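Undergrad: Residue numbers (the numbering used here), protein chains in the order written: chain A, 4 to 70; chain B, 18 to 476.
Just to be clear, a hint being listed does not mean it is correct.
[Unchecked claim] Derived, one-sided and incomplete: chain A residues facing chain B with beta-carbon distance under 8 Å:
hint, residue
1, Met4
2, Ser7
3, Leu11
4, Ala22
5, Thr25
6, Leu26
7, Ala32
8, Leu35
9, Asp40
10, Phe41
11, Ile45
12, Thr55
13, Glu57
14, Phe62
Simulated from the structure, these hints should not be mistaken for laboratory data.
Since the structure is predicted, the reported quantities are computational estimates derived from the model, not experimental observations.
Just so it is clear, CB atoms sit at the ideal spot from N, CA and C, and this is done for glycine as well.
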Amino acid sequence: MPPSPEALARAFDQFMTSAGLTLPPARRATVLASYADFKAQIALLHGRHEHTDEPAHVFAQTAETAR
Amino acid sequence: MSDMSIAAMGAALRAGSVTSVALTRDALNRIHAKDPSLHAFVLLTEDRALADAARADTEMKSGVDRGPFHGIPHALKDIYDTAGIRTTCHSKLRLDNVPAANSVVAERFEAGGAVLLGKLATHEFALGGPSFDLPFPPARNPWNPDHVTGGSSSGSATAIASGMVRMAMGSDTGGSIRGPAAWCGLVGIKPTYGRVSRRGVFPLAWSLDHCGPLSRSVEDSALTLQLLAGHDPLDAASVDVPVPDYSADLNKGAKGLKIGVPRNFFMSAAALTHDVLAGLERTVVQLRDAGAIVEDMALPDYALFGAAGRVIMMAEAYAIHEENMKTRLLDYGEITANRFVLGATVTAADYLAALRVRREVTDAVNDALRRYDALLCLSALSTAPRFDAPVDALSSGAPMQTIPFNVTGHPAISVPVGLGSDGLPTGVQIVGRAFDETTLFRVGRAVEVLSGWEGVKLP
Chain A
4 MPPSPEALAR
14 AFDQFMTSAG
24 LTLPPARRAT
34 VLASYADFKA
44 QIALLHGRHE
54 HTDEPAHVFA
64 QTAETAR
Chain B
18 MSDMSIAAMG
28 AALRAGSVTS
38 VALTRDALNR
48 IHAKDPSLHA
58 FVLLTEDRAL
68 ADAARADTEM
78 KSGVDRGPFH
88 GIPHALKDIY
98 DTAGIRTTCH
108 SKLRLDNVPA
118 ANSVVAERFE
128 AGGAVLLGKL
138 ATHEFALGGP
148 SFDLPFPPAR
158 NPWNPDHVTG
168 GSSSGSATAI
178 ASGMVRMAMG
188 SDTGGSIRGP
198 AAWCGLVGIK
208 PTYGRVSRRG
218 VFPLAWSLDH
228 CGPLSRSVED
238 SALTLQLLAG
248 HDPLDAASVD
258 VPVPDYSADL
268 NKGAKGLKIG
278 VPRNFFMSAA
288 ALTHDVLAGL
298 ERTVVQLRDA
308 GAIVEDMALP
318 DYALFGAAGR
328 VIMMAEAYAI
338 HEENMKTRLL
348 DYGEITANRF
358 VLGATVTAAD
368 YLAALRVRRE
378 VTDAVNDALR
388 RYDALLCLSA
398 LSTAPRFDAP
408 VDALSSGAPM
418 QTIPFNVTGH
428 PAISVPVGLG
438 SDGLPTGVQI
448 VGRAFDETTL
458 FRVGRAVEVL
468 SGWEGVKLP
């Protein structure tokens, strides 16, 4: 179930505080709407993989880097 | 002279029927006439351009030939470092930035004897725009200045579509070459990730950033990529694979090619318009009539590509801008800052989930391209919107369909196929196998010919 608008707003504010970011109050509603859309996108990425499914860009040694 | 292709300009220069100075003066005259209302350029390097053109003429007269770009005017998006020439990223934060060295791309143009006309408008840091709160105004769409160009390579698209220059460099992290190309009636190619060095280009998101040209024709694009492609050991993403002849198959046509159309990408998209879909359907019929096998197929849901791309982009972009976001947030344009702050909300688990999806969808596209020579889909779902009806290019409902191939790294080209009922261009996107830009240019050229776009006069 998607989080409530209030829960989204609280989570967003916590992220801003912990990142040390201060948004002008007049922009908050616009950014919160983008955040809600972004969180819905992020939800699509989770819960679809087995523990063996590795991410892209897994580090690989090569003969060149070993030299 | 504005209708001359890069190859035609080169032939005329070598035949002595035109000089580089004449080509450069002609371009500058068009810039002076049109740019005050279209705002493609943030900096014009007029004196240097004329000096470089004169040098090219002298060299060519004395038998020195630096190749297809010798004496040809071009311009660079203002995120490409240019030695001794201000490079701002269209941002207040970098207004005083004068790089000491060229980007690799600028260096290749310089070594090839090309003539730099100036630096072009971009959405701020290749992300935030179109905006009216930046040091320079946003570039306007020459087809209708009340409409946006798309971004972020906005000035590049404006300069070419208005006839100021035949080819200009853009960059593409989520569609910033192909989107403006589609909305301005141009050809735009995002080469394979690792094909063109990104060194000296201000990054938006390291693992999604690509350098490539916008141009008037597929042939122009093939010639430009020929100049730029190649291994750069100092670019961590650069790949050491041979550079083929990108023009070799240009005119082989579509006969015998097998092309897949992932309709599940766009058929249920809310932003899809009749005009754009009609352009794609015409292209399918034309390719079949020309002897290609064109069939519907499916890729993973577009939403999955879009979500992975946005998370990766926001996380990497925030990492690049973190310090300035904390201390100078109000020096960014409002749109830029509003987008960048979302990067602070991405967790490590989110980013890694996006990278796991990245592997999954890249495998799926590679599988599809074992069955097909190329994929045909849309660059944009609509024609260019008006400035007063803005859309968030990164939102889940955005009218672009370009970011999937930044996520997977496959080469993709946008080719114009017609005009919509609003008089604005529509385009299709063709996707190829990694490092097989030669086939991509072949399909793109076939579409260009079959669509009749070459006969359409630019505004």
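Undergrad: Are any of the numbered hints broken by this structure? If so, which, sorted upward?
TA: 1, 2, 3, 7, 8, 12, 14
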